[in-house]
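Going down the list, the sequences are from chains Y and G.
Everything in the first sequence is counted per the working numbering, starting at 217 for the first residue and increasing by one.
Everything in the second sequence is counted per the working numbering, starting at 56 for the first residue and increasing by one.
Hint data in this document are derived by calculation from the structure and do not stem from the laboratory.
Hints are supplied without guarantee of correctness; some may be wrong.
Ranges between beta-carbon positions, derived for each pair [what the hints assert, rightly or not]:
#, chain 1, residue 1, chain 2, residue 2, range
1, G, 88, Y, 230, 49 to 57 Å
2, G, 301, Y, 414, 54 to 62 Å
3, Y, 374, G, 326, 51 to 59 Å
4, Y, 351, G, 189, 54 to 62 Å
5, Y, 360, G, 315, 30 to 38 Å
6, Y, 414, G, 297, 37 to 45 Å
7, Y, 278, G, 342, 46 to 54 Å
8, Y, 222, G, 315, 41 to 49 Å
9, G, 315, Y, 277, 40 to 48 Å
10, G, 189, Y, 260, 53 to 61 Å
11, G, 205, Y, 384, 22 to 30 Å
12, G, 315, Y, 334, 57 to 65 Å
13, Y, 293, G, 315, 37 to 45 Å
To spell it out: a stretch of chain G is covered by chain Y in this simulated footprint if at least three of its residues, at any positions, have a beta carbon under 8 Å from a beta carbon of chain Y; those stretches are [claimed, not checked]:
#, stretch
14, 96-110
15, 234-242
16, 309-316
With the Cβ distance kept under 8 Å, some of the chain Y side facing chain G (calculated, not the full set) [claimed, not checked]:
#, residue
17, 230
18, 235
19, 324
20, 327
21, 328
22, 336
23, 352
24, 354
25, 355
26, 370
27, 416
28, 419
29, 420
30, 425
31, 431
32, 440
Being a predicted model, the structure only gives us computed values, none of them experimental.
For glycine and all other residues, C-beta sits at the position ideal for the given N, C-alpha and C.
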Amino acid sequence: MSLPARVTTLVIAFLAVVAGGIFVSLHFIGAQPPTENYTPYASGGEVNVTMMTTAQSTVGQKPDWVTYFIQNPATKQWVHTTYFAVPENTTVNMTILGYDGCTPLRNPVWGRVTGTAGSVENVSYFNGKTYSAPVNISTFNTYANCSVQHTFSIPGLGVSVPIASVTTLQENNNLCGTSPCDTANGDANSPHTVVKFSFKTPNGSGNYTWQCFIPCGLGYVDGNGGPMATLGYMMGQLEVQA
Amino acid sequence: MAAETPAAPETGAHGLPNGGGRRDGVWLAVLWVILSVICCLIVYFVWGPHLPPGDASSSAASQQFDIKVLGVIATPVVVGVLLYFGWALTFWRQKAGDETDAPPIHGNPKLAATWITVTGATVLCLAAFGTYELIVPAGAGAGEGPQPIWKPAGTVTASDTSWAPGGKNILQVQVIGQQWAWTYRYPQFGGFETTQLELPVNEPVQFNVTSLDVIHSFWVYQLGVKADANPGVNNVAYTTPTSTGSITVRCDELCGIWHGAMYDYGKVVTASQFMTWAHSTETQLASVTKLLPTYALTYDPTTIANLGKVNTELGLTGAGGGYYNPADPEQP
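Required output: the full structure, derived from the provided sequences and hints.
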């Protein structure tokens, strides 16, 4: 092989390795779930955001992982992501449909609702047939009762909301089995809760991480791995846009 | 060395030596002493007060003093190296057309002995100084493990259930790490737990640091406090805040994907402001405080008291009364 051919081969091989490295970095390491942008849908200083929890994530490669979904504000379709954007200085009216069963809190201090309007969450329970009358709850005792499934907590904003769960054995045994739990999957009428609360976004742009404080990665050491340690499942990012 | 150069020194245009020799050594020594004194004074009195981590607590001030002392000791070395470097560049330049070798360097036992003695003594003095500085400020703000031997002078743990400013009873603050947030428990105020760290100024504080899951590290930058938070272990650290203001708490141990987001801000306030805050927070959090486990130095979240009732109600038997299924292959 001539010298130019050898040099060309070496350069091509080098570039191939570099390109491979860049591809791996961007595709796997730098990948993150899509962001649902609610900012264009804000009106009168308020914006409505709808999310869902499910006991599984049958839309992804980890079907046995618990996960959150966020509703696309335009299409109303459920998107498997935990990233969303809202405007600054705005009241965010959250609605979380809780389709997962109960799990005790690791630290009961997270059983207290903080950072929301009135420091309460409004909960309605659906037993598979009827909705209960909505009630305001400020603190859950997760050790004495089967009462929460996850938390929606934004430490940077002082917001922490335990997501109420269905409470009976029958309801927990009849949870939705295909995610997202919507009419298309025929699971919208499975037992679930409807949790509503509001919080205010700060002035100025910024990114705030949010997460679940219940270690719900069952099958992993102390529940810390799996969905608890993977973007797009039990952790996400709130982008406040100026 | 220049002192062993056999050639006689020459004098340049400004009367300074330009060819090496004993006169170079004298000039260098005189300049080195003068510059070292000036630079040491600048390092200690001008730069020193701005060195991290500041002087907002007894431990931070102690650490800053240590860094100032180390800086003063290192300054003559730095000055000597730079001075010799500059001198060589300026006066010992090779002349045009001169391609002869420099004179050979021979060993100098006296110089070697002096060098070894001085540097050895310096290192030994620093070791003694470092040990003293670790003991005297009650561990220098570092975690001392579950049974600390260096405690703030004059303090006692007289009561785990009450505290008042000005007494010898030390204020206890339990620091609990969890992926990815810090919470703080005040056993002497009903055992309330909060995400807000608030401390009184000029009052000794005992941090009891632990974790509920993986290893974290409790780092209060402005107070010069850093202690690992290990699950199942109580790691004790002491400090006395000496000025009011905001403090930053960070996790200093890589603890998971959002380790970088595990930080918050606290406050050092006057004793009266602290008492007002503590009593009001105790009242405000009463509803959740009664749900907390009894105050202890460590907690085992894998076994939860009263969970059996929930398990029975739900017919769950796999967890064996614990939080997680012991049959999980990943479970230690």
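With respect to the beta-carbon atoms only, verify the hint that residue 351/Y and residue 189/G lie 54 to 62 Å apart.
For residue 189/G against residue 351/Y, whose Cβ atoms are near 56 Å apart, the range 54 to 62 Å holds.
8 Å C-beta criterion, at least three residues: is the stretch 96-110 of chain G covered by chain Y
Answer violated; 0 residues pass the 8 Å Cβ test.
Within 40 to 48 Å or not, the Cβ separation of residue 315/G and residue 277/Y?
With Cβ atoms ~26 Å apart, the hint is violated.
Go ahead and decide if the range 53 to 61 Å is satisfied by the Cβ distance of residue 189/G to residue 260/Y.
This hint holds: roughly 60 Å between Cβ atoms.
Hinted contact residue 324/Y with chain G - closest CB pair below 8 Å:
holds (4 Å)
Identify whether the interface hint at residue 355/Y stands, where standing means a beta carbon of chain G within less than 8 Å of its own.
This hint holds: residue 355/Y lies near chain G, its Cβ roughly 5 Å from the closest one there, short of 8 Å.
Residue 328/Y was flagged as interface toward chain G. Is the shortest Cβ-Cβ separation under 8 Å?
The hint holds - residue 328/Y has a Cβ within 8 Å of chain G, the shortest such distance being about 4 Å.
Hold the hint about residue 235/Y up to the distance rule: shortest CB distance to chain G must be less than 8 Å.
violated (27 Å)
Does the Cβ distance between residue 278/Y and residue 342/G fall inside 46 to 54 Å?
violated (37 Å)
Holds or violated: the hint that residue 230/Y contacts chain G, with Cβ atoms closer than 8 Å.
violated (32 Å)
Tell me if residue 370/Y is really an interface residue toward chain G, meaning its C-beta lies closer than 8 Å to one of theirs.
With Cβ-Cβ at 10 Å, over 8 Å, it is violated.
Tell me if the interface restraint on residue 416/Y is satisfied: Cβ within less than 8 Å of some Cβ in chain G.
Hint on residue 416/Y: violated, closest Cβ of chain G at ~18 Å, above 8 Å.
The structure is inconsistent with the numbered hints 2, 3, 7, 9, 11, 12, 13, 14, 17, 18, 22, 23, 26, 27, 28, 29, although it conforms to all the rest.
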